[in-house]
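Novice: Going down the list, the protein sequences come from chains L, P and S.
Last residue of the first sequence: number 363 in my numbering, and the count goes up by one each step with no gaps.
Last residue of the second sequence: number 363 in my numbering, and the count goes up by one each step with no gaps.
Last residue of the third sequence: number 363 in my numbering, and the count goes up by one each step with no gaps.
Hints were generated in silico from the structure; no laboratory data involved.
Mixed in with the good hints there might be a few duds.
Identical copies go unnamed one by one, so any copy, or any two together, can satisfy a pair.
[To be verified] With a straight-line cut-off of 20 Å between C-alpha atoms, the simulated SDA-like cross-links for lysine to any residue are:
{"#": "1", "residue 1": "Lys-351", "residue 2": "Ala-331"}
{"#": "2", "residue 1": "Lys-174", "residue 2": "Glu-193"}
{"#": "3", "residue 1": "Lys-203", "residue 2": "Gly-229"}
{"#": "4", "residue 1": "Lys-351", "residue 2": "Arg-95"}
{"#": "5", "residue 1": "Lys-166", "residue 2": "His-205"}
{"#": "6", "residue 1": "Lys-197", "residue 2": "Val-163"}
{"#": "7", "residue 1": "Lys-329", "residue 2": "Cys-346"}
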Amino acid sequence: MNSAEMQRKILSAMGAKWAERPFVPSVTNYVTAGFVADCQLAAGCSAAMLNLPDEACEAAAMCSAFYVNLGTVVPVYEKTIPAVCEKLSELGKPWALDPVAAGLGETRTKLLLGLKKHKPSIIRGNASEIINLARLWELRDGDFSCGMVDSSNAAEDAVDSAVLLARYTGGAAAVSGSIDYVTDGIVTAASYGGSPLMGRGTGYGCALGGIAAFCLAFAEPFTAALCAVNAFNYAGKRAEKKCAGTGSFRSAFIDELFCMTAEKIAHNPFEIAECQ
Amino acid sequence: MNSAEMQRKILSAMGAKWAERPFVPSVTNYVTAGFVADCQLAAGCSAAMLNLPDEACEAAAMCSAFYVNLGTVVPVYEKTIPAVCEKLSELGKPWALDPVAAGLGETRTKLLLGLKKHKPSIIRGNASEIINLARLWELRDGDFSCGMVDSSNAAEDAVDSAVLLARYTGGAAAVSGSIDYVTDGIVTAASYGGSPLMGRGTGYGCALGGIAAFCLAFAEPFTAALCAVNAFNYAGKRAEKKCAGTGSFRSAFIDELFCMTAEKIAHNPFEIAECQ
Amino acid sequence: MNSAEMQRKILSAMGAKWAERPFVPSVTNYVTAGFVADCQLAAGCSAAMLNLPDEACEAAAMCSAFYVNLGTVVPVYEKTIPAVCEKLSELGKPWALDPVAAGLGETRTKLLLGLKKHKPSIIRGNASEIINLARLWELRDGDFSCGMVDSSNAAEDAVDSAVLLARYTGGAAAVSGSIDYVTDGIVTAASYGGSPLMGRGTGYGCALGGIAAFCLAFAEPFTAALCAVNAFNYAGKRAEKKCAGTGSFRSAFIDELFCMTAEKIAHNPFEIAECQ
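Next up, chain L with everything else stripped away, as it sits in the complex (with noise of 0.2 Å):
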């Protein structure tokens, strides 16, 4: 597998699927849950935020694939995120997993202890929560750190363990930071651009899991996540030049994810390279 290779298999996954609207729901977190939404309805998705374990499951019947942000957990989530994340599994159908704060409170970690069992398609973290899952779920040594939202760590720490999450799942594993990687755990791609405004402001992290679970609508976890990544690579990059700050780069951002084509998506500057 090189680049060219790479860009043809994004080429044909997402060629004219970028347009279409696949029903692509999720349990999420109220802080960025306009801004997901707004994200994944811009590329082209059918979103839906969901709470209760009866309708969630119901979403999960219907879906195209499923979005799981742990992001604000509340006393509902205790039922609801294992009993679709069941569901998805029973079914068969992909989904991405945001462990949003991983190792922070009982709670959280339990339910991300549960999750283990279902595997999900795509993991999609900063440094510091891609350690801290891959810690939790015992495929790594060392003690998890308190879950922060913004990481402690730069994303090549985190490479390893996303390597380690990703042969466990037998998906992918998206880690985000200036440089942002990810690996099926047997090659690693290494994506470029994006901006640093996208930590001055909410929800990036959470938007871009909810287009990876967008994209797995059309490609296998892989291609999926690195479609996602490298969409908001370029976004963010172009954003950029456009805005005066982080407020006028969010409108400026949605805006480039409403004009992306599957053209821009395969050519983001990224690399690939055998996992060791």
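Given chain L, put chains P and S in place with the hints provided.
Specialist: Structure of chains P and S alone, referenced to chain L:
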């Protein structure tokens, strides 16, 4: 009733009022609550979003009109929504209902069934939601299909269901689509304008319901619903010309609502015909 | 204390700090959580919004300062808010309280009563909220009126209540209005600027509380509260000149926060007078 008469009615109802600050609280969803509040405040509302039965009922006692939106059903809403709608009925206060995703899940279905007896002044939904609600309330035959946030029907297909809902409640019903329909069961208005971009961002339907509730502070249900729909069609059409995608569209749309006048509302293109 | 001394104090406290990333988590409302986080991140905070008692208390142990906002009281907050405020007291960590809609509903009233003993470092509210809280805590006479999100009092009318609150807590209190007042019970600052558009969009008060909490990471309560208020007045005044309504105002406002400096904060117009 013809369009010219309706325009005079709109100008008379909304003339000096669009800039007043009636208190119009909501029980709504967390995905779009911020956007609903922004639209209501831009139009001149005093808004508040409430969760608990005690404070929702207190707010109902103080309000000019109320808005109930079922976007994200959370556990406490099984108590709050029946309690606040009972209170609104008792007090004879006008209120608007957005039956988001009607048909999805047992809890939502049970909640919507329980609202039948409270006869909302305005019901606002997409075609699927309006058809599903009319079936759920046994106003028309046919199984209801599984509720989706994005409609799988054209607005035209839901006009007969809207008429049945309006005849049952004695209020008005509005169906959103590329053409919007508003009916009181006697006449139906078709309102033109808007933008396809409103379907590619989250919350335009929710916010339309919130503005319909705001207009209930000044006008009877049919006029209020048509004012809200005309305002959104005017704002959407104008905002589309000023944007580069769905991000900048949202800002431009709120700007247009902030600059709305009774004249703009009255003169947005619409037609009126008697129901059969 | 005069304005020139205060300006030096602001420059000294905020000089190099505005660009640091202290961890300032919140228990806040879902309507404006995204905007609060955006403002905090734009200013340089590491933000996290929490619901459950376990993780809110863990975050309190790690934080530089904390923010508690009662905008949307959800059931779990009856446990979370007392627990986290108890923890903050124990640890001696600074925190800001926004008593949104103080006076509305039994649950909210009981929650606010329970916070009296924990003495928040900064209390930020509109005039009605500040007056109602002072009455609820029995610092002044008079029934409290039913709490509204939009104030039915002018900020001037609440200065005496703010002074009583600040004297009771030993911290600072800030009243938002067309002129903003900040007091530590000894001196009161009047801060000028801002924009009427801040009352026509949701969350500017909530976000001000979040930025006040951020400033508590660097400065004692009175300086922190005045820094936050001056920053908002500067940003609001500038953003108003660059916008076409409340939609584009919001983007421009966040851009201004992103470009904020200690100099701008220190030189926003304000006056200081001794309390009587």
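Novice: Which numbered hints turn out to be false for this structure?
Specialist: none
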